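S.K.: Sequence:
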Amino acid sequence: MKKLTLLLAFITVSTIFTSCAQKRDKTVESITAKELHQKQNGIVLIDVRTPEEFADGYIKNAKNINFYDDSFMNKINKLDKKQPVYIYCKKGGRSAKAAQKLKAAGFEKVYDLEGGISQWKDDNFELVK
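In terms of our numbering, the sequence shown opens at residue 22 and continues consecutively.
The set of hints was computed from the structure by calculation and includes no laboratory data. Check each hint, because a few of them may be wrong.
[To be verified] Here are the simulated EDC-like cross-link-like pairs (lysine to aspartate or glutamate), alpha carbons at most 16 Å apart as the crow flies:
no.	residue 1	residue 2
1	LYS130	ASP101
2	LYS81	GLU56
3	LYS150	GLU73
4	LYS122	ASP101
[Unchecked claim] Derived Cβ-Cβ restraints for the label pairs, each shown as a range:
no.	residue 1	residue 2	range
5	MET94	LYS130	12 to 20 Å
6	ASP91	GLN59	29 to 37 Å
7	MET94	GLY114	12 to 20 Å
8	ASN145	ASP91	32 to 40 Å
9	ALA126	ASN85	13 to 21 Å
10	ASN145	LYS102	32 to 40 Å
11	ASP91	THR53	26 to 34 Å
12	LYS55	ASP91	29 to 37 Å
13	MET94	ASP144	27 to 35 Å
14	SER139	GLU50	15 to 23 Å
15	LYS124	TYR89	17 to 25 Å
16	GLY78	GLU56	19 to 27 Å
All values reported here derive from a predicted model rather than from experimental measurement. Note that the Cβ used here is the ideal one computed from N, Cα and C, for glycine as well.
The whole structure should be built from the sequences, with the hints applied where relevant.
M.R.: In structure tokens, the structure reads:
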């Protein structure tokens with residue numbers, strides 16, 4: 022009985038540590054508008070909104086790769102997977118899905134803009150039109 026109790030305790034502790042380790046996966050990290058604004062130059066910045074949304078205004082140096090486009094992954098896979106990639110959408114939903122696709126495709130570091138371009142605008146950062 023004592024061995025069974027120890028075994029169950031070990032399994033419980035192992036499960037907790039394994040689940041915590043999975044949550045600490047830093048392949049996809051959130052980044053605030055302020056943090057992105059400070060490192061905006063010289064980065065790979067992808068706007069995953071539609072071309073129509075992109076035309077209404079985008080963050081300087083962003084490249085538009087429409088998440089809904091059938092060729093989304095083909096275009097994404099042309100990027101250097103070892104270089105950090107910063108992505109955003111309107112509010113964060115599409116970019117979160119896109120971030121998971123980039124992660125699954127083997128990108129080493131992906132940053133997702135918290136609150137998307139809406140937060141960027143709310144923080145009064147400039148857009149290109």
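S.K.: Honestly, do GLY78 and GLU56 meet the 19 to 27 Å range at C-beta?
M.R.: holds (20 Å)
S.K.: For the hint 17 to 25 Å, verify it against the beta carbon of LYS124 and that of TYR89.
M.R.: holds (19 Å)
S.K.: CA of LYS122 to CA of ASP101, is that 16 Å or under?
M.R.: Distance of about 15 Å is within 16 Å: holds.
S.K.: Is the distance from the Cβ of ASN145 to the Cβ of ASP91 consistent with 32 to 40 Å?
M.R.: With Cβ atoms ~36 Å apart, the hint holds.
S.K.: Range hint 26 to 34 Å: satisfied by the CB atoms of ASP91 and THR53?
M.R.: This hint holds: roughly 32 Å between Cβ atoms.
S.K.: Is 29 to 37 Å right for how far apart the beta carbons of LYS55 and ASP91 are?
M.R.: holds (35 Å)
S.K.: Could you grab the alpha-carbon distance between LYS130 and ASP101 and see if it respects the 16 Å cut-off?
M.R.: OK: LYS130 and ASP101 at ~11 Å, within 16 Å.
S.K.: Check the following: the C-beta atoms of SER139 and GLU50 are separated by a distance inside 15 to 23 Å.
M.R.: holds (19 Å)
S.K.: Return holds or violated for the Cβ distance of MET94 and LYS130 against the range 12 to 20 Å.
M.R.: At roughly 18 Å between Cβ atoms, LYS130 and MET94 fall inside 12 to 20 Å, so the hint holds.
S.K.: Taking 12 to 20 Å as the hint, is the beta-carbon distance of MET94 and GLY114 inside that range?
M.R.: holds (18 Å)
S.K.: For the pair ALA126 and ASN85, does the Cβ-Cβ distance stay inside 13 to 21 Å?
M.R.: holds (19 Å)
S.K.: Do the Cβ positions of MET94 and ASP144 conform to the proposed distance bound of 27 to 35 Å?
M.R.: Holds, at about 31 Å.
Against the hints set out earlier in the document, no violation occurs for any number.
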